[in-house]
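Chemist: In case you want the letters, here they are:
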Amino acid sequence: MSRPAHRPLDQTARPWLMAAALATILPHLEHQALWLSSLIGLMLLWAAWLWQRNERLPNSGLLAIIVCLSCCAVYLEYQTLFGRDAGVALLVIFMAMKMLELKNRRDGMVVVTLGYFLLLTHYFYSQSIPTGLWLLIALWLVTSALIRLNSGPDAMPRSILRYAASLLAQALPFMLALYLLFPRINGPLWGLPQDAHSGKTGLSEQMTPGSIAHLALNNEIAFRVRFDAEIPPGKLLYWRGPVMEYFDGTTWRPQPNRPGSERIEVIATPLSYEITLEPHNQRWLLALDAPTGMPPETGLNGTLTATHRQIINERRQFRFASTLDYRFNVAENPNILRRNLQLPAGRNPQTLKLAGEWRATTKEPEEVVNKALTLFAEQNFVYSLQPPLLGPEGIDDFLFSSRRGFCEHYAAAFVVLMRAAGIPARVVGGYQGGEVNPVDGYLTVRQSDAHAWSEIWLEGRGWIRIDPTAAVSPARIENGRIDQPGSATLPALSQLRTAWLKNLRHRWEAINNAWNQQILSYDMQRQRQLLARLGWQEAGWQDLVILLALCCTILLGAITAWTLHQKPQPDPATRLWHKALRHLARRQVNCARWETPNALLHRVQTEHPMLAEPFGRVVNAYLDVRYGRTSNNLNLLREAIAQLP
Amino acid sequence: MKLLAQLKQTLFRWQSDGTAPLRLGQRRIFIIPSRGGLLFVTALVVMLIGAINYSLALGHALVFLLAGLGLVGMIHTFRNLYDLVITPGRCDAVFAGEMAYFELRLDNERATARRALTFEADAEHPVTVTVDAGKMLKIAIPQRTIRRGWCELSRIRLSSEYPLGLFHAWSYLQPAMRCLVFPTPVMTPLPGASATSRQGAQRGAAGQEDFSGFRLRQPADSLHHVAWKASARIPDSNDLLVKQFAGGSALELQLDWALTDPALPDETRLGILCGWVLQADASGQRYGLRLPGHEIARADTKNQRLACLQLLALFAL
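The listed protein sequences correspond, in order, to chains A and B.
Just so you know, numbering that gives the first Met the number 0 puts 578 at position 579 of the first sequence, and the rest follows in order with no gaps.
Just so you know, numbering that gives the first Met the number 0 puts 185 at position 186 of the second sequence, and the rest follows in order with no gaps.
Among these hints, one or two may not hold up.
[What the hints assert, rightly or not] The calculated lysine to aspartate or glutamate pairs, modelled on DMTMM-like cross-linking and capped at a C-alpha distance of 25 Å, are: (1) 134(B) <-> 570(A); (2) 578(A) <-> 606(A); (3) 137(B) <-> 219(A); (4) 578(A) <-> 108(B); (5) 234(A) <-> 365(A); (6) 134(B) <-> 377(A); (7) 352(A) <-> 377(A); (8) 137(B) <-> 606(A); (9) 102(A) <-> 108(B); (10) 352(A) <-> 363(A); (11) 301(B) <-> 280(B); (12) 501(A) <-> 522(A); (13) 137(B) <-> 102(B).
I should point out that these hints are in silico values taken from the structure, not numbers from a laboratory.
A quick note: this is a predicted structure, and the numbers were derived from the prediction, not measured.
Isolated chain A, as found in the complex (with noise of 0.2 Å):
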């Protein structure tokens, strides 16, 4: 029954297996070390080398030694041997060693098998659709090596690829049932490798001269919304982040556990609207202004910013209500206020004398706020996303030096002048406006909409939003576009290319989106929600197995029964000929099985004269076709069938 499975691997085996590695590896190339990528080329052309040359595989000392290097250079690399890439990167290398020792079968089938398990791991660093489509193809590759190893020489290769492709398509009902039925189980089942969910871009949870900007350029997107109704303009869309309050003369952070409550009368209707959140590795999820209506296991924190019991490190969606016109805390915690009016001592005292100045010619709160962003507009400060490096003293070199900045260095500037000048201020993190995908409506927020904006309070008004990069690039509110020198005047073909361009994009954009919202974001909650629109509320997993396994013995049986009873088609001769044959069942003239087409003939000429003379032709034709020198009077028999009574 177990035979060993030491069969030698025939030589035409190998390039299979080798086109099967390397489809599984190339992608990996992108993200990995350049010594890496190199070692794993390098094995890979010594693997071709000896193939072609037919030469002998290296013995397994020298591979073990290669083994050993390997791992040391990985683990100098990664500074351990698992977690996400460094495990990536010895699977890679593994693979790349296997072609070296490919001496069996059963070598092969490690080979296969390495390289299916290599596909999980690129969905690692991307599941877009392109990642989706290549890995088909390197499944198929892969599948076909496999179907090569067990099917002996004497297969042709376009068979092969054929078949492979066959069986992966039967494969696919099965994966549906599974992706549908599977019991899904939510979140990491242990704690995930430190590296798990890195590279993620965002914004950071502090705020330092240059943090904001190097965002500026990133067209990744940060989150999609989708309102239930109208989306309100641009100009309104405050995505609030991090509150930041402490400074310390070059970094604003948060207050960490800060105690406070938050009060908000509602005063505009609430929008409704859902999230998909890209993931950021933070708690916090850029609801809008302020949330009346919270998802589950979100909490709302004193200053107004959502957060999440968990670390937001997958794609997920989440549904708020906000409304864009409120009152928030008009009776503030005095400690919170006292809090608010902190500044460095002995800091930028430019700036505070200037403010000091304000202080004592102005009663009115309102008037500072007023002289400051003037001071903005009005004195040839620039927006720019490559400011001069600021020194020790930056809201003072800022203000009255270099003016030139971005959103953070306004926003910050701002709230030094008002706390310096009396009124309670804060930082405010988060993103401002987005761009609305004509193709599905959703609203695509990216890293380059991230901005800083301030907070202050006033008597009597509570909280209040100041957007002082406004006074100064009113552009990069309303459209939330960044003015560049010269960008105004493009040509016209130039203009309805990017407007073509632009459009693709959009498309592109909205395919993703529905890709990510309809396949990639399925979930336990979503095969709830499926089951319940079913009719079928409050599925177990038992009821899932069950269903499951119903399903698979459903699709098994219907497979089975499809290729078992698979017979070959019989020439088209004999079709034409069985053809006539059930012409003459209709006159219950059966053929005998040991009748020849003349004796059946003679039968008819005798039984029914009438059909006599136009079946004589068809015999006369199938004879022709089936015996005679002319091969090709397939026609000649169609028609006289086709005269038949």
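With chain A fixed as given, assemble chain B onto it according to the hints.
Modeler: Leaving out everything else, chain B in the frame of chain A:
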């Protein structure tokens, strides 16, 4: 116990299938995951845990697609054997110790090829073949013979792991086929010619026999019969040629059990007789065979060799 034995009988085909064509139905095909399949399943489980742990939607999809592929592979491995028609063929007689080749005819009535079908009667000599779509193929199953007599074709194990190697499907075939096995010839010099049985026939005088050509010398041929001149004419060869004569033979042999050394075991004596028959036949002599209770008259007909060998093969069995 009896029930179990009966179950084994019906399941694993220890009884003969007869000589009629047999069609592999679902009741005689067994299927289990192969080692490769177990490796594959292990990989899938690890992959599924990984996909759950990292919440990879496409990872789930990949694992499920591969699971589906495994299930489909199971059907296709089963299908590779299912409905194959196997018809027993013939088998030529061999000498003990040689390979007997049992011919089987395979009919594939399906529109797809059946690949990597491995037949083994004898674990050391598997035969792997492909039967193309709608085609017929004749194969010969080798089986080593040990003793003279009738060699029954032992139970054949037909197995396949095509297409994916994840499942091992097999079936047992027991077609009623047997092969006649002659004793292993032991080469010893021919015994002296006995008195000619034909009245009046003289020991061949020169000119009475027709020279019919040369043939290669067998070890049994006496050096007196070697045609040295003719042998010398063949370049680069150590072969010696012997003159062959048609018509009346110089010698008439009666190969007799009694002529063999009674001290030797019976089987060896039969082997010696077998060797004599071959030598006598090769040298074109008239010969007969006498065994206790059996006698084949001297003749030089075509069937003489076969009749003698058959008698030796089946003697006292």
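Chemist: Each hint should be assessed against the structure and marked as holding or not.
Modeler: Results for each hint:
As the CA atoms of residue 134(B) and residue 570(A) are separated by approximately 14 Å, the hinted pair is consistent with the 25 Å bound. At roughly 20 Å between alpha-carbon atoms, residue 578(A) and residue 606(A) fall within 25 Å of each other, so this suggested pair holds. A distance of roughly 65 Å separates the Cα atoms of residue 137(B) and residue 219(A); the hinted pair therefore is violated under the 25 Å criterion. Restraint check for residue 578(A) and residue 108(B): satisfied, since their Cα atoms lie roughly 22 Å apart, inside the 25 Å limit.
Our distance criterion of 25 Å between C-alpha atoms is met by residue 234(A) and residue 365(A), whose separation comes to about 21 Å. For the proposed pair residue 134(B) and residue 377(A), the alpha carbon gap of about 92 Å is over 25 Å, so the pair is violated. Straight-line distance between C-alpha atoms of residue 352(A) and residue 377(A) comes to about 19 Å, which keeps the hinted pair within the 25 Å bound. Between residue 137(B) and residue 606(A) the CA atoms are separated by roughly 45 Å; this puts the pair beyond 25 Å, and the hint is violated.
Our distance criterion of 25 Å between C-alpha atoms is broken by residue 102(A) and residue 108(B), whose separation comes to about 36 Å. The hinted pair formed by residue 352(A) and residue 363(A) meets the criterion: a straight-line CA distance of about 18 Å does not exceed 25 Å. Under the criterion of a C-alpha separation no larger than 25 Å, the hint pairing residue 301(B) with residue 280(B) is consistent with the structure, at around 9 Å. The straight-line distance between the Cα atoms of residue 501(A) and residue 522(A) is roughly 32 Å, outside the 25 Å bound, and the hint therefore fails.
Simply put, residue 137(B) and residue 102(B) have alpha-carbon atoms about 7 Å apart, close enough for the 25 Å limit, and the pair holds.
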